[in-house]
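Following the hints, position chains B and C against chain A.
Listed below, chain by chain, are the residues.
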Amino acid sequence: MSADFLYGVEVVINGLMSGVMYALVALGFVLIFKASGIFNFAQGVMALFSALTLVGIMEGQVPFAHLINAIFGTHIHNFGWEVPALLAIFLTVLVMVAFAWAVQKFLFRHLVGQEPIILFMATIGLAYFLEGIGDLMWGSEIRTLALGLPQGGARFIEDATAGLGGDDFYGFFIDKLDIVASIVAIILVASLVIFSQYTKHGRAMRAVADDHQAALSVGISLNFVWVLVWSLAGIVALVAGVMWGAKSGVQFSLSLIALKALPVLMLGGFTSIPGAIVGGLIIGVGEKLFEYLIGPMVGGATENWFAYVLALLFLVFRPQGLFGEKIIERV
Amino acid sequence: MTQVLESYQTEDGRTIGDVVLDLKNITLRFGGVEAIKNISFNIRQGEIRAIIGPNGAGKSSMLNVISGFYTPQEGEVWFNGKPRAPLRPYQVARQGIARTFQNIALFEGMSVLDNVMTGRLNHMKSGMLSQAIWKGKAEREEIENRERVEHVIDFLEIQSIRKTPVGRLPYGLKKRVELARALAAEPNLLLLDEPMAGMNVEEKEDMSRFILDVNDEFGTTIALIEHDMGVVMDLSDRVVVMDYGRKIGDGTPDEVRSNQDVIDAYLGVSND
Amino acid sequence: MFYREAGDFKTSYQADNQTFPIAFDRYRYWFVLAVAYLVIPFMINDYWASAILVPFLIYSIAAIGLNILTGYGGQVSLGTGGFMAVGAYACYKLMTAFPDVSILIHVLLAGGITALVGAAFGLPSLRIKGFYLAVATLAAQFFLVWLFNKVAWFYNYSASGQINAPERTVIGIAVTGPNAPAWAQYMVCLVFVTASALIARNLTRGTIGRTWMAIRDMDIAAEIIGVNPLKAKLTAFAVSSFFVGISGALFFAVYLGAVEVGEAFGINKSFLVLFMVIIGGLGSIFGSFAGAAFLVVLPVALKVVGGDWLGWPTDMVAHLQLVIIGLLIMFFLIKEPHGLAQLWKLAKEKLRLWPFPY
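Residue numbers (this note's numbering), protein chains in the order written: chain A, 217 to 547; chain B, -18 to 253; chain C, 471 to 828.
None of these hints come from the bench; they were simulated from the model.
A couple of the hints might just be wrong.
Derived pair list, reagent style DSBU-like, types lysine-lysine, alpha-carbon separation capped at 30 Å [unchecked claim]:
1) B/K155 <-> C/K773
2) B/K144 <-> C/K773
3) C/K805 <-> B/K116
4) A/K392 <-> A/K463
5) C/K701 <-> B/K116
6) B/K155 <-> B/K116
7) A/K250 <-> C/K701
8) C/K563 <-> B/K144
9) A/K250 <-> A/K416
10) B/K118 <-> C/K805
11) C/K480 <-> B/K106
Model, not experiment: these values are computed from the prediction.
Next up, chain A with everything else stripped away, as it sits in the complex (with noise of 0.2 Å):
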């Protein structure tokens, strides 16, 4: 095999590990709209600020320090403790699910009713919002998030294949974080599965999200499950958020990489979680080999738009998605 082809298909991989996190973030959306019909823009900001969270709580950092100094002059930053990482992680559940509630209780439930595009609209409006209370109690700078996951490329692959191309190939360089990433991905998309299928609230979320009249009328509370799917959108978050923020430093531009779900959604549907994981991967993948092909032609940097233009010619030769059926419109 020639070294070419062999580091084309080392792109491959690494598209597929991206598009791993991509989906995880869509995987946020998708949850939320199936079972509200809400189109989340908030997602990837709700893991921006839960990564924040939980450096912030590690760190012992006080939150809204700055805004706290500010006001009277005081000069605290930090409480002078660190939290052990599993501690904080279950902190910053809390607060996602917190957040949750408010963002039902405050939000939402005085827009019951509302047309799709006003109740989006809201989500941009809670995105903003989000993002500044997120730099507001944490600060804005950049940072590392010590988790002790395991980084750097994996030296046994690329060791192991090696041999398959000559002397000019060097094995596959893969990150072990991806790999690690995939994993956490799996497990949590099955334990998904498995909650939504054969549990009590799972079988009440599935209901909402198949006809809110009927679930309300067998005696589903439709306030719990939106707080629900919230705190399970928030949880998801974290997790994306702690696979980015490990890999690039917990940052804004964390939530920007959320904007890249949106097309993976449109290929995949919004309310397919197999849509969410397929799209996922034929969005990483395919940036990657567009811009390992066609990049060096046209000046690089590809990957910032090609996502989008995909899923739009996607989308005008066939609307309803990957696995959507052919809509029959009527009057």
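Structure of chains B and C alone, referenced to chain A:
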């Protein structure tokens, strides 16, 4: 197929003319489901033609075929004596076919006046530049068409709600505004999909009066779907009966009433 | 008490069709125009022009443009920043290629070019609706910004990758470049704003506006009663992009003078203009002005209060600004989805009956 080229007078003195719309062997499928199975019937100039049948018989699909929203897999639609190529719905509207909808399809964000003015779209020709400047042709045209629209508004007695946003109106009035929008187009053929659904007796009487007046005063040909048998039998000149996508009866109200297939479909038949 | 339509009978459809049916509104409209044209140019200084007035006017045009597409046409666009960039770069290329032609014509042509680009990116709207379309317009946003960044022809191969507006004059007075006086910048923008608002108003009350709204409210029914969806959607995209392009051209040539595409016309610009339209009021020309004014004044006010009076660090004020804008968006969507324009309308309804509401 030979066409009957005669016209005749009805008992109340209206003239029913030549065939306007002729549906020939229409079959419509959605995936594997046949919504309409090999149906033929025609509509004559000036008549009121009813399509009746139980729920799910394919009546609305039939109207959708006529207005170009669905394209049948088999069969032909003849309009004004010529076979009609598959058209987009807006092209059908341009040929002079207007309609109302089973579930009211008004433009909720617009006022009654704007809704009805939208119905006159195909009579307005001024270009975008002229409209942007709003002098000369565009303004003249707007005012001319406004006069026509006011005529329709008068006719349907909705003057007082002219400037009200449609979203705020009660159901019965919305139905009337929808009729006004269709009438504003000055159609040759008016399709009404359950114009009286969900109305009380008085509202039905009003609506029936409007339908008869439209037919009488403007000579508009009308095809309507309706469930209220009393209304159908009183209003219509001829009736088509559909059941499970097939045509099971066609003729004057009296003929249809005595048709055994129709009675079976409506009353049910025992299978022993 | 004077704000009445009672006794003000309309005797022709022409009179009934006018923009301000109530006499008092007409007087106020002329008053505002008189102040804008005859008073402000003599009082303006650099700070007011660059901090508030000029950006307000330019964003008003962009907001009118987006409002035509989103508020009247019902198509949500997240590509406004990209289309503003098209206007800016088209204007730049025209200014440098034809230095003898008036800048006013260049700005108009830049609008026309943006209209074409907008219509091209509007083509998918025939097949894609709602959220899908909103996301699809992101393709325009990211692709266009990338294009202007990577293809050196667009910035005339300048080393910095920036574009700089050369000095251009209108009747002998510089309106672009560093020597342009504040009042001249203001007047150029004001003329474009006035024309844009009038044209937008005329288009939205006529046939074409009704086809846009028909598509917005119920696209299938609209098509069945005779609206050509292709024409309605593409004209909405084109007209909207025309205004957005003009605003982009002015933003670059008159206001900023030098532009780096990712910074000036990034995704945040798209959101900013969208917020102006939401807060101001979807489907309202007045709302476009109100929203633009609000979101231009808010950061300045916050900066003055937080930064200058309280002495807080600027980055914190910026974060507070995000929080406040986010809160306002949510607040408006909950309390009044039709924005400031609707509040204004309600106030007027009350005023019409005042002081005897019963």
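Hints, one by one, checked against the model:
Under the criterion of a C-alpha separation no larger than 30 Å, the hint pairing B/K155 with C/K773 is inconsistent with the structure, at around 51 Å. In summary, the hint linking B/K144 to C/K773 is not supported, as the alpha carbons are separated by about 44 Å, beyond the 30 Å threshold. With a C-alpha separation of about 39 Å, the suggested pairing of C/K805 with B/K116 is violated against the 30 Å cut-off. The hinted pair formed by A/K392 and A/K463 meets the criterion: a straight-line CA distance of about 10 Å does not exceed 30 Å.
Of the supplied pair hints, the one linking C/K701 and B/K116 holds, its CA atoms being roughly 23 Å apart against a limit of 30 Å. For the given pair, B/K155 sits about 33 Å from B/K116 by alpha-carbon distance, which is inconsistent with the 30 Å threshold. A hinted pair counts as satisfied when its Cα atoms are at most 30 Å apart, and A/K250 with C/K701 does not qualify at roughly 34 Å. For a cut-off of 30 Å, the pair hint linking C/K563 to B/K144 is broken: about 48 Å separates their Cα positions.
Among the hinted pairs, A/K250 with A/K416 is consistent with the structure: their alpha-carbon atoms are about 17 Å apart, no more than 30 Å. For the given pair, B/K118 sits about 42 Å from C/K805 by alpha-carbon distance, which is inconsistent with the 30 Å threshold. With a C-alpha separation of about 26 Å, the suggested pair C/K480 and B/K106 falls inside the 30 Å cut-off, and the hint holds.
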